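Trainee: Make a model of the complete structure from these sequences and hints.
Which chain is which? The protein sequence lines are W and Y, in order. Heads up, the first sequence is in this note's numbering, so the first residue is 1 and it goes up one at a time. Heads up, the second sequence is in this note's numbering, so the first residue is 1 and it goes up one at a time.
Read the hints as simulated data drawn from the structure, not as lab findings. A few of these clues could be false.
Pulled a few chain Y residues facing chain W out of the computed Cβ check, cut under 8 Å [to be verified]:
(1) 549
(2) 554
(3) 568
Computed spacing ranges between beta-carbons, pair by pair [claimed, not checked]:
(4) 199(W) x 504(Y): 51 to 59 Å
(5) 529(Y) x 199(W): 31 to 39 Å
(6) 367(W) x 529(Y): 21 to 29 Å
(7) 264(Y) x 332(W): 49 to 57 Å
If you're wondering where the values come from, they're calculated on a predicted model, not measured in any experiment. All C-beta atoms in this analysis are idealised placements derived from N, C-alpha and C, irrespective of residue type, glycine included.
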Amino acid sequence: MSPHSAPSDDEAPGLYLHVPFCASKCGYCGFYSQPTAGRDMHRLVTALLTEVRRHHATPAVRTIYIGGGSPTSLPVDLLARLVETVASAWPDAREFTVECNPGQAGVEMLSVLARCGVNRLSFGVQSFHAGELELLGRRHSVDDALRSVRQAQDLGFANVGIDLIFAVPGSTLDSWQQCLESALSLGIQHISAYSLSFEPGTPLYEARRLGRIDSVEEDTDRAMYELAIDLLAAAGLAQYEISNFAREGFECRHNMGCWENRPYIGIGPSAASYWLGERTANVADIDAYIRRIEAGLTATEQRQQPNHDDCICETAVLNLRTRRGVDPADFQRRTGADFRKVFAASLHRHERDGLVETQAGRIRLARRALAVADSVLCDFSSL
Amino acid sequence: MDTKYIRNFSIVAHIDHGKSTLADRMLELTGTITAREAKEQLLDDMDIERERGITIKASAVTMHYEYEGQTYMLNLIDTPGHVDFHYEVSRALAACEGALLVVDASQGVEAQTVANAYLAVETGVEIMGVINKVDLPAAQPEVVAEEIEHVLGIRRNECFAISAKTGKGVRELLDAICELLPAPADRSSEPARALVFDSHSDPYRGVICYVRVFSGKLRVRQRMRLMHTGRSYLITELGKFRPAMTPVEELGTGEVGYIVANIRDLADVHVGDTVTDDANPAQDPLKSYQPPMQMVFSDFYPGDNTEYSKLRAAFEKLALNDASFSFVPQNSPALGFGFRCGFLGLLHMEIIQERLERENDIDIVQTAPTVSYEVIMSDGQVRRIGSPSELPDRTHIQELREPFVRLEIITSTESIGGIMKLAEARRCKLVKTDYLNPTRVMMEYRAPLAEIVYDFYDQIKGISRGYATMDYELTDFEATNLVRIDILVNGQPVDALSIIVHRDNAEQRGRKLILKLKKAIPRHQFEVPLQVAIGGKIIARETVKAYRKDVTAKLYGGDVTRKMKVLKKQKEGKRRMKSIGSVQIPQKAFMSILDTSD
Ligand SMILES: Nc1nc2c(ncn2[C@@H]2O[C@H](COP(=O)(O)OP(=O)(O)O)[C@@H](O)[C@H]2O)c(=O)[nH]1
Ligand code: SF4
Ligand SMILES: [Mg+2]
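Mentor: This is the structure we're talking about:
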C-alpha cells in the first residue's frame, strides 16, 4: 500500500443540497431539474431533511451550498425550513450560499435567508440583454436582476455573486463588454462567466442543429473570454478559476473545496458526493429519490472508489483549473505523490510550449492555456 | 516410386477464378480428404489469408490417383494469387513439370491470368488451359477459349471445360494430368539434389523445409547438406502432406515432401537452396531462382519511444515466418528510433501491418510506403535507397533511377479512354493494345512503379466500374528526372514526409500534398505553418489554424467522474501521433502524402 489515503475522515466536508425544481426549463439547461407545476414540494423537502439528518453524525462541515435547479422556486416557508434546519445542524460552517433566481427571490425570501445565517448569494443573472435572456429561455427580465441584487445588498448581504453567459448566439464582443460593465456597476463580489455550451437534448442544441441559430465564431468566443479576464481583473475581480472571478477574499470556498479535491456531501436527487474515499451520486429522479428516502434506504445510485492513481489525477486536474494551481507540498500531503515526478513528461512538454508555468513554487496553467485548458489537462487525466 | 507415375503441378489463376475450389475437388476425388473436410478451403491456412481470400504461402499436398490401372502420385503445389507474391509463384512452379491455368468461364482472361501464364512460360513448365465455372448461366466457354488461344497461345480445343464447384470435368482433368503432363526426369541414380521451395518455422520442431527431389533420394537419419550455406544437418524426419504431415522413410526422385532436420533458425534456410547428401554431395546445385526483390519500403516508429524494443520483438516474430519481409533499425531526425521495413509490395505491407496490430499492443506510426530507387553516385558507385531521406546530396549524384514495370491492364473497350488518360498522367508508356474480343482489350504499359503501386488499381477499378484488372512485373531501373519534395512543419523539415516525384509533376504534387497535410494535422494551440520545398526552394505554404477554445467552462463536484472520463478519451485521441517539436502529427498525415486525389 502507498502512504496515500483518501481525503481523511476528519477533514470537514462541504455540504451541497440540490433542489431539483425550476419554474420552467431554460433552453440551454443540462442540469437535473423539473418544472414545479404539480409537484409535491413539501414531500421533497421532507425527504431532503431526512437525508440531511442522516449526516448529523458528521460533526462539522466547512461550507454549505444550496443549489439546483432553483432553490428559490420553493415556497418561502419550505425554503426557510430547509435553510434553518441545515444552518442549525452545522452552525459553524463558514460559508453558506444559496442560489437565487432573479424575480423569484423577493425581499421576504431574502430576509428569511439573511436571518437564517445565509451569508452568500449567487444570482443566475446570465445576461443584461433582454434579447439574450429570451433566447436562453430565462423567465426573468434585466430589471428583475437589477432589483434582486439591489435588494439583497440593501438587506446587508456583503457577498453577492452572479452568473453570466457569453457567446450567446447573436452576441458580439461589444454586447458582451456592455454586459460585463453592467455587472460591475452592481458592486458585487463574485462573477462566474461561462461560454454557452450546447448540451445534447436541449432546445438550444436542437435549434443549432436545425440551423435556426449559429454558435458564435470561435475567435469571438475566445476574445470574449479574454476580455472578461482583463476587464474583471481591472475592476478588482481577479480570476481564480477557469470561469470564476472574485474580489480578494470572496472566492467561493465551497467550490474551492471541490477544486482542492476535498470531500463533500451531496444531498438531494442527482447530488454527488466525494465522501469517505468514495465518489457517489444520488438517483436522478425525484420520485425514486423520495421513495428510497422514505423507505429508509440510501438514495445512492452510483458508487465508485477512485484508486490511488485516480486520486492523483483528479487532484491534478482539479487543482490546475484554479489560478493558484498545484502546491507540490499540498499535493504530496493529499495524494502521497510527487506532482513533478508523476507528471514529468506532460509537464516537460507543456512547460516547453509555455502552457504551464511555475509561480512562487506553484504550478499552474499559463494565461494562454486557460482558453484551451482541456487540451492540456487531458495529459494529467491518467498516469 | 517410378518417376513415370509421378506428376508435379501447380494451379495458377486470377483471383477468384476457382483455384482453391478446384484443389479441394481434386483432394476429394482422389480420396485425400472427405467432402466435409473440403468444405473449408484447406490450402489457405492462415486467418488473414482466409479473410482476404488469397493464398500467401505456397503449400503442397500429395494425392494418389488411379489411372488406367496404375496408381499415380500427384503433387499439387499451391501458389499465391496476388501480384506482390509473383516470386512465390515462380518458386512453386520451379518445383513442377506442369501448370493448370484456370480461367473463369464467365469472366475470361484477366490481368493475373496473363501474368501467371508469363511466369509459367518463363519457368518452362507445360501449361494446360482449364475453363472453370461452366455451370454458371453466364459462362461463355467458347469465347473464353478463344481469348486463351489469342492471348496465351494455348489451343482452344485443348482447353478443359470444368466446374470445380459441381465436379463436372474434374475427373477427366485428373486423367489428362496423368496422360499429358510430363513425368519428372528419372535421375534416381545421380547424387541427391532437392530444391527447397518453401519453409516455415515450427515452434517445437524447428524449421520445416518443403522440398522437391530432382535427383537421387533422401532418407531419414541421412546427413544432408544445404549447398548454399554449406551447413549439414541430420534428417530426423521426412514426410508428405496428405494433407496432414505424414512421415515416410524416404523421398525419391520426382517426389515432393518435407524435411525436419533440427534447423533452428529460418534464416539458415534459403528458399531456392539445394539439399544434397553430405556424404556423397552433388557437383552443382540446382538452378536457383532470384531472391525476392523488395519493392516497397516504409518506416515504422513506436508512437511512444519507450516501446522501441517491444516493436523490435514483434518484428522478429513476424520475420520468423516470412523471409520476404525485412526490417533494419532506422533513426529519423524528426521521428526518433524506428525501423525501415521492406516488402514485396503494398499488399504484403498491409498484411504485415495487420498482423503487427493484431498480435501486439503497440501504437505504431508508419510512414508512407515508397519504392526503392537506384542512385548512381559521382564515383560510379551504385546505391539502393528505400526512403527519400536517404537520397544523397544532389552534388554527389550522377543519376537517379526508378523502378519500371511491365503493366498489363485488361478492361472493357468503353473504359479505354479513361484508363489511357490516367496512365498518361502517371507517366506510363503504352507498349501495345490487343483486342481479346470486340468488347475486351488488353493494354500493356511500361510504367514507373512509384506511379502505380499505391492507388492506381483503385482508380482504374473506378474508371471501369470494377471491370478492369491489372498486374505488373518489375523489368528494370531507368534514369528519370526525379526530385525530392520536402515538407517543413513549423519550420522544421520532416524527413518522413518527403517524397520523390518526377520534376514535371513536382510543383503540382507539392501543392496538393500540403493541402492534404493541412487537413490531416489537427489544430494545435498555436498556428502550425506548413511549407513545401523543392531543391531547397519553398514553393508553397499553408497554415493549420490554431484552435482558439477547448475548455470545459463548468466543473463542479457533480461532474468530476464524467469529466475525467472525457479528458482520458481526449488523451487517447493523441495516441498514434508523433511529436515533432511541439507539433503532433497523426498517422493519417503520413499516409496523406500519397493521396493524389483532389
Ligand atoms: N458457380 C461456380 N462457382 C465456383 C466454381 N469454382 C469456384 N467457384 C466460386 O468462386 C469463388 C472463388 O473461388 P476460389 O476457389 O476461392 O478462387 P481462388 O481465389 O482462385 O482460390 C468461390 O465463391 C467459389 O465458390 C465453379 O465451378 N462454379
Ligand atoms: S434555472 Fe437553472 S437549473 Fe433551472 S432550468 Fe434554468 S438553467 Fe436549468
Ligand atoms: Mg483461394
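Trainee: Against each hint, give a clear statement of whether it holds in the structure.
Mentor: Hints and how they fare:
Because the smallest distance between the Cβ of residue 549(Y) and any Cβ of chain W comes to about 5 Å, under 8 Å, the interface hint for this residue holds. With a cut of 8 Å, the hint placing residue 554(Y) at the interface with chain W holds, because the nearest CB-to-CB distance is about 6 Å. Among the interface hints, the one on residue 568(Y) holds; its C-beta lies about 5 Å from the nearest C-beta in chain W, closer than the 8 Å criterion. Between residue 199(W) and residue 504(Y), the C-beta spacing of about 54 Å keeps the proposed range 51 to 59 Å intact.
Separated by about 36 Å at the C-beta atoms, residue 529(Y) and residue 199(W) satisfy the suggested range of 31 to 39 Å. Range check, residue 367(W) to residue 529(Y): Cβ separation about 23 Å, and the 21 to 29 Å hint holds. With their beta carbons about 53 Å apart, residue 264(Y) and residue 332(W) fall inside the hinted range of 49 to 57 Å.
Comparing the model with each earlier hint shows no violations; every hint is respected.
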